[in-house]
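Using the sequences and the accompanying hints, generate a full structural model.
The residues making up each chain are set out below.
There are 2 protein chains.
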Amino acid sequence: MPPRKKLTAAARRAQLIEVGRKAFAKKGYEATSVEEIAQRAKVSKPIVYEHFGGKEGLYAVIVDREVELVVALISEAISSGSPRERLEKAALVFLTYVKDHPDGFAVLTHDAPVTATRGNLSSLLNDVAERVGKVFAVAFKQAGYDARTAPIYAHALVGMVTFVGQWWTDARKPPVEKVASHLASLAWMGLRHLPKQPTPITKRSTS
Amino acid sequence: MPPRKKLTAAARRAQLIEVGRKAFAKKGYEATSVEEIAQRAKVSKPIVYEHFGGKEGLYAVIVDREVELVVALISEAISSGSPRERLEKAALVFLTYVKDHPDGFAVLTHDAPVTATRGNLSSLLNDVAERVGKVFAVAFKQAGYDARTAPIYAHALVGMVTFVGQWWTDARKPPVEKVASHLASLAWMGLRHLPKQPTPITKRSTS
DNA sequence: GACGTAAGTTACGCTTTAGTAAGTTACTAG
DNA sequence: CTAGTAACTTACTAAAGCGTAACTTACGTC
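Chain order of the listed sequences is V and Y.
Here the first sequence is numbered in numbering that gives the first Met the number 0, starting from 0 and rising by one per residue.
Here the second sequence is numbered in numbering that gives the first Met the number 0, starting from 0 and rising by one per residue.
To be clear, the hints were calculated from the coordinates, so they are not data collected in a lab.
Each hint should be verified, as a subset may be incorrect.
It does not matter which identical chain is meant; a pair holds if it fits inside one copy or across any two.
[As the list claims (entries may be wrong)] Mimicking DSBU-like on lysine-lysine, the simulated pairs with C-alpha atoms at most 35 angstroms apart in a straight line are: (1) K172 to K140; (2) K41 to K26; (3) K133 to K98; (4) K25 to K5.
Note that the structure is predicted; figures quoted are calculated from it, not measured.
This is how it looks when you write it as structure tokens:
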């Protein structure tokens, strides 16, 4: 079979999503043109419109997929275990996501179209932080702390992980497990009582 | 004197910077048009070009001012005191900045123009984190910790403060001093050893 | 009150880009 | 081989937006 010239609708759709993700990841929504995406997919512009109705349609699909993915990963990670385990697993899972899906992550960090009400990384993380905050509020109340301060800690933790993830994107620094472990140590023990060698939640063969 | 129709060059320039900051804060660089800015300033488009040479010129001036301001504030905050005091002061100063200059902060959070090499909030914060990381590396070495892990902690702390700042923008939650104090507590003691009532670095008359 | 100049406007050219209408090509089933 | 159709292209419209050339108006000054 000589190289195909026409793809099935499903295959083309999938390809456009991939290409679009790369493009939006690089320049953000506004600075990326439909023409550009079409060219990279070696296809003409109307194809994009046939599949997604327009620029925002494609963007929406791409962002939605990433959001669903991240939410699923985080939800799974914090579904069980001790508080500390949950935090470490969440950090691990998020960092792994950033590592394995750099384009998707980049798309989320860029500005969303002005018309969109949601879809930013900020809004996603705020949702996560809010959920964590509610859990904290309960725990704080039981322990005799001021429950109104819970959101501060929740957002601090989410911000911590996120920003490390962003930094971690650029340069291939230490392995994810180590980083996640350090983050968990910081959150749990503070700088004052850092262990010399943080104990990873998952034992690895790396010494 | 009846209401003026013409402003001096300096006054108009200042006004355009203010108006531009608000506009860029709302929709980001790409989605904001020069026409729009001119209209809001009740002036015609060429005025903007006279003063700043173009859209990017105006944007560059606005961002530069904000970056300089933040850098100056943070530098001052971490110039002296114990490590913990420095962290708390830095958090306090940053949160205060976010509170007092919401538009400037918003501009920094949006995407920079594609042509720009720097000017993002990310790059600014990465610089800060890198500086902190170097200080940490020295301290880690002295204390017998792995100095290569220092950047993790540095970035974690910066991310912590930043994300809380972002969250704090929307809703007027607890006073800055409290928030900064909680952040410092978290960083120093960890969730495991949180004090019931964090002691603010600056004694206030509030209770 | 005339006049020089800083400040400002109108009206345009040109490029980019979102979106569409109408026609064309490659694959596939009989 | 032939037809039907799903996939695709060419060629366009309309609008938005950056930037500029040429002209006008208000203000201070003698």
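The hints, checked one at a time:
In this homomeric assembly, K172 and K140 come within 35 angstroms of each other (Cα to Cα) only across copies, at 18 angstroms, whereas the closest approach inside a single copy is 39 angstroms. For a Cα distance limit of 35 angstroms, the shortest separation of K41 from K26 qualifies both inside one copy, at 19 angstroms, and across copies, at 32 angstroms. Taking the shortest Cα distances, K133 and K98 sit within 35 angstroms of each other both inside one copy (29 angstroms) and across copies (25 angstroms). In this assembly of identical chains, the alpha carbons of K25 and K5 lie at most 35 angstroms apart only when taken from the same copy (27 angstroms versus 43 angstroms across copies).
Of the numbered hints stated above, none is contradicted by the structure.
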